[in-house]
Amino acid sequence: MTDQYKIKRREAFLKILGLAIFTLLAGLISLGVGRYAVSLPDILRTLSGERISPEITQVIWKIRLPRILAGMLVGGALALSGTAYQGMFKNPLVSPDILGSSAGAGFGAAAAILLSMNVAGIKLMSFAFGMLAVMLTWFISSRFGRGNDSLFLLILGGIIISSLFQSLISLVKYVADPTDQLPAITFWLLGSLSKATMSDVKIMAIPFAVCAAILILCSSSLNILALGEEEARTLGVNTKVLRGVVISMATVLTAFAVSLCGMIGWVGLVIPHLARLFVGPNFKVLIPTSLLLGSAYLLIMDDFCRSALAVEIPLGIITSLAGLPFFLYLLTKKNKGW
Amino acid sequence: MLIKVDGLSCGYDKKEVLSNLSFEIGEGELWCVLGSNGIGKSTLFKTLLGLLKPIRGEILIKDKPLPEWSRKELAKVIAYVPQSHTPPFPFKVREIVAMGRHPYQGQTGYMTDEDISRVEEAMEMTGITDLAERPYTRISGGERQLALIARAVAQSTDVMILDEPVSNLDFGNHAKVISYIREFAGMGKTIIMTTHDPDHAFIPGSHALLLDEGAVFASGMGRDILTEPAVTRMYHVKNKIVRYGEPEGRTCVPLYEGRNKSDQ
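Residue numbers (the working numbering), protein chains in the order written: chain A, 1 to 338; chain B, 1 to 264.
Watch out, some of these pointers could steer you wrong.
Stated by the list, open to error - Taking lysine-lysine pairs in the DSSO-like style, the calculated list, with each CA pair at most 30 Å apart, reads:
#1 A:Lys8 x B:Lys72
#2 B:Lys92 x A:Lys284
#3 B:Lys76 x B:Lys92
#4 B:Lys46 x B:Lys72
#5 B:Lys4 x B:Lys92
#6 B:Lys46 x B:Lys4
#7 B:Lys62 x B:Lys72
#8 A:Lys6 x B:Lys72
#9 A:Lys284 x B:Lys76
#10 A:Lys90 x B:Lys92
#11 B:Lys238 x A:Lys240
To be verified - One side only, chain A facing chain B, incomplete, derived with CB under 8 Å:
#12 Pro92
#13 Lys202
#14 Leu217
#15 Ile224
#16 Leu227
#17 Glu231
#18 Thr234
#19 Gly236
#20 Asn238
#21 Pro281
#22 Asn282
Stated by the list, open to error - Chain B regions said to be covered by chain A (calculated; three or more residues, Cβ under 8 Å):
#23 45-58
#24 78-85
#25 97-106
#26 110-119
Since the hints were derived computationally from the structure, they do not count as laboratory data. Beta carbons: idealized from backbone N, C-alpha and C, even for Gly.
Whenever a hint applies, use it, and build me the whole structure from the sequences.
Spelled out as structure tokens, the structure:
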């Protein structure tokens, strides 16, 4: 019997390892993708510190590497928080912006652009308002909800706060200067990795690693929480603490992601499903799988954005366009269960 | 005493559903909680499980007040078997049963050899080993109920609380589940279950707690207290308690009123 468990464990480990290697390879190859193509050997030589030509060094180190790392972090963060929320809300149709963090972050950025802040200011405002929006949602649910209604009120609060910030975004757009501010806001809201810098990556990497590690440690409790609040408590899960931890981690991840590259839809919804098809619903395996799949997915989508047309296509448009048919395809596979 | 309830009133917010309950439950005892729909059986269970704060009174588990128990420690003493449900994700039956080991595991949820053997034992005991790799969402209601019972067995507790464990089961599965429950009681587990079938109070050695109008009106050995008037009081239906077999079994039969056409 024990052997069977060992085989299962190894199988899951190998799947995650394989995916990790795939993601890393995708990252490496992506360094060569773009209008200035670089071959794989040249990429490896440049990464090991060799200077083949100033252009290659410039393209790899200064332009593509930060963008690719940012894409991996953002994709992983969105997929991770989507997966955790789907478990927490016992609903496979939930995405990371359910509690209003995306709308809040979007408003923060739009307001910062209206106030003519610099890029760092825009990112900071976006992050702050993303966090603020979720805190407001949390406040609504704890102020008006009690006992079993709290999950429902959390979703309701999220809808209220999202629509509040959506309206505020419209208001900002309405008063913004139509020659330069309005296009900047619109472009920012479409989502793009083009403005990501190495310092963004450095700022995000540590919180990302901490949040991911904490969510991985929550995974066996999340399995149980997916069966329902009361049942989870009778199995020894402190649901209040767990919920607080999951919401804070997912909010930090989402707010970071949105502040870094604007609103990128569908990743947090589609990737958890794809990951479940691949490894099943057990969160112990699902969470690391989602993280890696999200990273690889966003990376590949961004490659497409950079290289498909002569001008860059905003990433948010591509993830939505690709996400919809992809999601429909997954729904046809629903007979396997979510 | 394993469970001691003293002057307990329970309900939601200020609305009292059950008042002034006092009873004691000892090791290895089998208790059936009977009462009409909506009388407060589930409310009582939620309060016993610490999911609902009592309005008044006290519950002692192993002589320690319930609020002093941490969730994890309590989960090592009391297991709860809810009515079978369908979760949103297709966990395998084995994964569902393994969740019963959560109170014994650290944050990583690593399954030790002991955890594994408890899970396999529990599935064997309830006859669902063959279902281990099937998705829990795609087995029958009776099988799901058995999986939840297996999870409670894997939880290795002193007490098992079951919420209408046979309410959705066919005749065969009903008998199977009741046999398992008797077996667990025989192994020294304390069983408390709600039920809509008065006959469960006639299971040899079974105690009963009879609820009506927000209070316990009788508690004791099922065969002593579950009489025809008691059944009428709870369910407002004419009935007859029939004795049969050797050793004597009892069953409660409702006497239907009204006539159907072919009977006229």
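Going down the list of hints, with the structure as the test:
For the hint linking lysine 8 (chain A) to lysine 72 (chain B), the alpha-carbon distance of about 27 Å falls within 30 Å, and the restraint holds. Between lysine 92 (chain B) and lysine 284 (chain A), the direct Cα distance comes to roughly 14 Å. Compliance with the 30 Å bound is thereby established for this hinted pair. A distance of roughly 23 Å separates the Cα atoms of lysine 76 (chain B) and lysine 92 (chain B); the hinted pair therefore holds under the 30 Å criterion. A C-alpha spacing of about 16 Å is found between lysine 46 (chain B) and lysine 72 (chain B), which places the hinted pair at or below 30 Å, so the restraint holds.
At roughly 37 Å between alpha-carbon atoms, lysine 4 (chain B) and lysine 92 (chain B) are farther apart than 30 Å, so this suggested pair is violated. About 15 Å separates the Cα atoms of lysine 46 (chain B) and lysine 4 (chain B), which keeps this hinted pair within 30 Å; it holds. At roughly 15 Å between alpha-carbon atoms, lysine 62 (chain B) and lysine 72 (chain B) fall within 30 Å of each other, so this suggested pair holds. At most 30 Å may separate the alpha-carbon atoms for a hinted pair to count; lysine 6 (chain A) and lysine 72 (chain B) meet this at roughly 27 Å.
Between lysine 284 (chain A) and lysine 76 (chain B) the CA atoms are separated by roughly 22 Å; this keeps the pair inside 30 Å, and the hint holds. For the proposed pair lysine 90 (chain A) and lysine 92 (chain B), the alpha carbon gap of about 16 Å is at most 30 Å, so the pair holds. The suggested pairing of lysine 238 (chain B) with lysine 240 (chain A) is violated, with an alpha-carbon distance near 47 Å, which exceeds 30 Å. Because the beta carbon of proline 92 (chain A) sits about 6 Å from the nearest beta carbon in chain B, less than 8 Å, this interface hint is met.
Because the smallest distance between the Cβ of lysine 202 (chain A) and any Cβ of chain B comes to about 29 Å, over 8 Å, the interface hint for this residue is violated. A hinted interface residue such as leucine 217 (chain A) counts as satisfied when its beta carbon comes closer than 8 Å to some beta carbon of chain B; here the least separation is about 5 Å, so the hint holds. Contact between isoleucine 224 (chain A) and chain B, as hinted, is supported at the beta carbon level, the nearest pair being about 5 Å apart and thus within 8 Å. Because the closest C-beta pair between leucine 227 (chain A) and chain B is about 5 Å apart, less than 8 Å, the hint holds.
About 6 Å separates the beta-carbon of glutamate 231 (chain A) from the nearest beta-carbon of chain B, less than 8 Å, and the hint is met. Taking 8 Å as the C-beta contact cut-off toward chain B, the hint placing threonine 234 (chain A) at the interface holds, the least distance being around 4 Å. With its C-beta approaching chain B no nearer than about 3 Å, glycine 236 (chain A) sits inside the 8 Å limit, and its interface hint holds. Interface hint at asparagine 238 (chain A): satisfied, since its Cβ lies 5 Å from the closest Cβ of chain B, which is below the 8 Å cut-off.
Proximity of proline 281 (chain A) to chain B holds as hinted, the smallest CB-CB distance being about 4 Å (cut-off 8 Å). Among the interface hints, the one on asparagine 282 (chain A) holds; its C-beta lies about 6 Å from the nearest C-beta in chain B, closer than the 8 Å criterion. Under a criterion of three residues with beta carbons nearer than 8 Å to beta carbons of chain A, the stated coverage of the region 45-58 of chain B is upheld, 4 such residues being counted. Taking a C-beta to C-beta cut-off of 8 Å, the region 78-85 of chain B contributes 5 residues in contact with chain A, enough for the three needed, and the coverage statement holds.
Under the rule that three or more residues need a Cβ within less than 8 Å of chain A, the assignment of the region 97-106 of chain B holds, with 5 such residues. Against chain A, the region 110-119 of chain B contributes 4 residues with a C-beta closer than 8 Å to a partner C-beta. That satisfies the three-residue criterion, and the hint holds.
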